[in-house]
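Enquirer: One-letter residues, chain by chain:
Protein chains: 2
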Amino acid sequence: MREFANKYGTVLVVGGEGEKCRDVAESYGFRDVITPGDIIKANAATAPFRALTESEIKNSRDLLARGGKLSDIVVEAVFVFADSRDWASDLQIMLDIAQSKGGRLETRSENFDEGPPIYFSHNDVLWSAAHEHVRLGMGALRKIVETVFEDVTGGRKLKTHAFGKPQVSTFEFATRLLQQWRATQHGLAESEPPETVYFVGDTPESDIKGTNAMNEKSKNEWYSILVKTGVYQAGTEPKHKPRKLVDTVLDAVNHGIRREMAKLGTRKDGKGRKLPLDDAALKAISEGRTPNFDLSVDPFAKAVAQ
Amino acid sequence: MREFANKYGTVLVVGGEGEKCRDVAESYGFRDVITPGDIIKANAATAPFRALTESEIKNSRDLLARGGKLSDIVVEAVFVFADSRDWASDLQIMLDIAQSKGGRLETRSENFDEGPPIYFSHNDVLWSAAHEHVRLGMGALRKIVETVFEDVTGGRKLKTHAFGKPQVSTFEFATRLLQQWRATQHGLAESEPPETVYFVGDTPESDIKGTNAMNEKSKNEWYSILVKTGVYQAGTEPKHKPRKLVDTVLDAVNHGIRREMAKLGTRKDGKGRKLPLDDAALKAISEGRTPNFDLSVDPFAKAVAQ
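Residue numbers (this note's numbering), protein chains in the order written: chain A, 8 to 313; chain B, 8 to 313.
No lab work stands behind these hints, which were simulated from the structure alone.
Note that the structure is a prediction, hence the values are computed from the model and not measured.
Keep in mind that the hints are not guaranteed to be accurate.
Note: identical chains are not told apart, hence a pair may lie in one copy or across any two.
Unchecked claim - The list that follows gives simulated cross-link-like pairs (lysine to any residue, SDA-like), each with its CA atoms no further than 25 angstroms apart:
no., residue 1, residue 2
1, K226, R183
2, K27, A58
3, K164, S135
4, K108, Y205
5, K27, A51
6, K248, E228
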């Protein structure tokens, strides 16, 4: 993100509560961060059905105080950092900028092919929240931006960008983090990636698709496990197939342990460090069950309490 | 609309400020009108990023006071009566209902083919408002509902309905109104439709498309005129071609008058009532100019003042 902060001058940052995303962007080093609220404050006609609240008016910056018109401002990139709190006006403003002459506010390109890049911080169309059924997420808004752009420009295409899953770069970044963690926590050589990474997720379109793509590309193994407790609905056909389908995250962890132990149990050449397995555990593994470990703490207590 | 009020019991009404659309629906005779606010009040997890305001909480009805769960309520039809003030939550709730078992709240259909009908009160993707550039309208939200439905159901299609232009039924309704008006105002036989209707509009996709379609179907002539003061941008190729392109509404009216007068001027058989044209007016028409009328009032004063 710091790379982007160096590359782009004025950026539009979308999403989140109040000024949070502007603060985050500035903490990344972005030098000139404007928000949809700033634009609406300068020209209320931008979003005919959105009235800024008093605190939004107070916190939004006065773009006209720069001594000119909105059309003096050129947005060099758009970042959707968190879920939009007002889809209609954020969509309108993103489309205005996508249709502009090179990012210049309140202008229109003749061919609609010179807007600045638009980045979304993730890509899940659906996510599993407190509601019984999955909710629409940022990926839906991303799709909407692209679809409506095509509609209003008579068929021109807009290609926006997304960080995060299922982009392989996200998994490569995770690999680097894992290597650092293995080095600092376990004294392993930082240059060695883990032999196998078990990736547990609830969303076929991001978690499983990305893990499988990373597995194709990577020297080490990325093993996708899909759980039934989130976006994926048991009984349906996932668009991207996991290596293993289980009920819960605990089942996924048990599956990974079993699979690793089975590898060790059948490994004859003595390579790799053996785990201290007693006869009962080996028997359990051979029967496809999870061995009983003596755990001093419940590793899931924290996750459940969160 | 009264027909719908008789046909459907519980309906979801979307759009508008506060409770206005509920009031409108009830004035049409709808017997049980619920709003997205009612649903969010009963289950805040429905829209994770929307917090109802105090007045929304106060005005929204308590659906659980009916003595049960949300899943006891079956929505028989959805009406978008005015522009949505919160696209994300209205979209979520419309999609929830479109994916439900026959309109039953908080349920999911197995095949996503049993949702109740969804009606939009108009269909313009873009409209010309106070902003220099056209703004997204209800037609964009309609398209979004259909597109995102397809996305989240793995490719199932959702066909929503729209009232108003460009639906031919809207033009047929206008014809009936015109016939009544001609009868009461001018004593003409109500059974006779006007020979020619000049339809002036700014939006090729609704005004011109609809007028041309009506002209195809109708015995009388519907003549489409596109103006340059609204959605249509001068110099571009309109998706639907008008019979005449002019600058302003005044030019459209002048064009209609000229065309009618030219018809009269060249009509030799004496059929039809002649307008009292003096020599100067006839000369003006023959030169393609608009005759000067003595007008006691400025017919555009009211339109401009509005």
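Enquirer: Could you tell me which of the hints above the structure violates, numbers in ascending order?
Expert: Structure breaks hint 4 only.
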